[in-house]
Amino acid sequence: EKLVKGIQEGKKHQTLLGATGTGKTFTVSNLIKEVNKPTLVIAHNKTLAGQLYSEFKEFFPNNAVEYFVSYYDYYQPEAYVPQTDTFIEKDASINDEIDKLRHSATSSLFERRDVIIIASVSCIY
Numbered sequence: 001e002k003l004v005k006g007i008q009e010g011k012k013h014q015t016l017l018g019a020t021g022t023g024k025t026f027t028v029s030n031l032i033k034e035v036n037k038p039t040l041v042i043a044h045n046k047t048l049a050g051q052l053y054s055e056f057k058e059f060f061p062n063n064a065v066e067y068f069v070s071y072y073d074y075y076q077p078e079a080y081v082p083q084t085d086t087f088i089e090k091d092a093s094i095n096d097e098i099d100k101l102r103h104s105a106t107s108s109l110f111e112r113r114d115v116i117i118i119a120s121v122s123c124i125y
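Residue 18 in full-length UniProt numbering sits at position 18 of the sequence shown, with consecutive numbering throughout.
Don't read these hints as lab results, they were simulated from the structure. Just so you know, not all the hints are guaranteed correct.
Stated by the list, open to error - Here are the simulated lysine-lysine pairs, DSS-like style, with alpha carbons at most 25 angstroms apart:
(1) K46 x K57
(2) K100 x K90
(3) K33 x K11
(4) K33 x K2
(5) K2 x K46
(6) K24 x K2
(7) K57 x K37
(8) K5 x K24
(9) K100 x K46
(10) K5 x K33
(11) K11 x K37
(12) K24 x K37
Unchecked claim - Estimated spans, in silico, between C-beta atoms of each pair:
(13) E9 x P77: 35 to 45 angstroms
(14) T84 x K37: 45 to 55 angstroms
(15) K33 x T106: 38 to 48 angstroms
(16) Q83 x E55: 40 to 50 angstroms
(17) R113 x E9: 20 to 30 angstroms
(18) L16 x S54: 11 to 21 angstroms
Backbone N, C-alpha and C define an ideal beta-carbon position, used for all residues, glycine too.
Throw the hints in and build the complete structure from the sequences for me.
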């Protein structure tokens, strides 16, 4: 209730703290349902983002629940090793399925108001 009131009052920052298994996801789901606004949920890694994506799909079967994480399966940035005067070129492998999910997420933002995007922290870069 306090979180809903905070959003309605225009508070820019609120924090929900709790240990694993204390109902944070359920609380946020109820918050999303109550305020009925497009929502971005940021997880600290892809694994948690995937878990949250599955849970929110169950909580909101009629909403546009989308997944937005890095589409790289593998990424090696370019590097230089001065000791051996070796230059290592950039190399990457892109996951086409995740790329499609990212496009779906951005499309949903333009097409619907009931969007819930589950993302990893890399989405801010």
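Could you check the structure against the hints above and give me the numbers of any it violates, in ascending order?
-> Numbers 5 and 15 - these are the hints that the structure violates, sorted from lowest upward.
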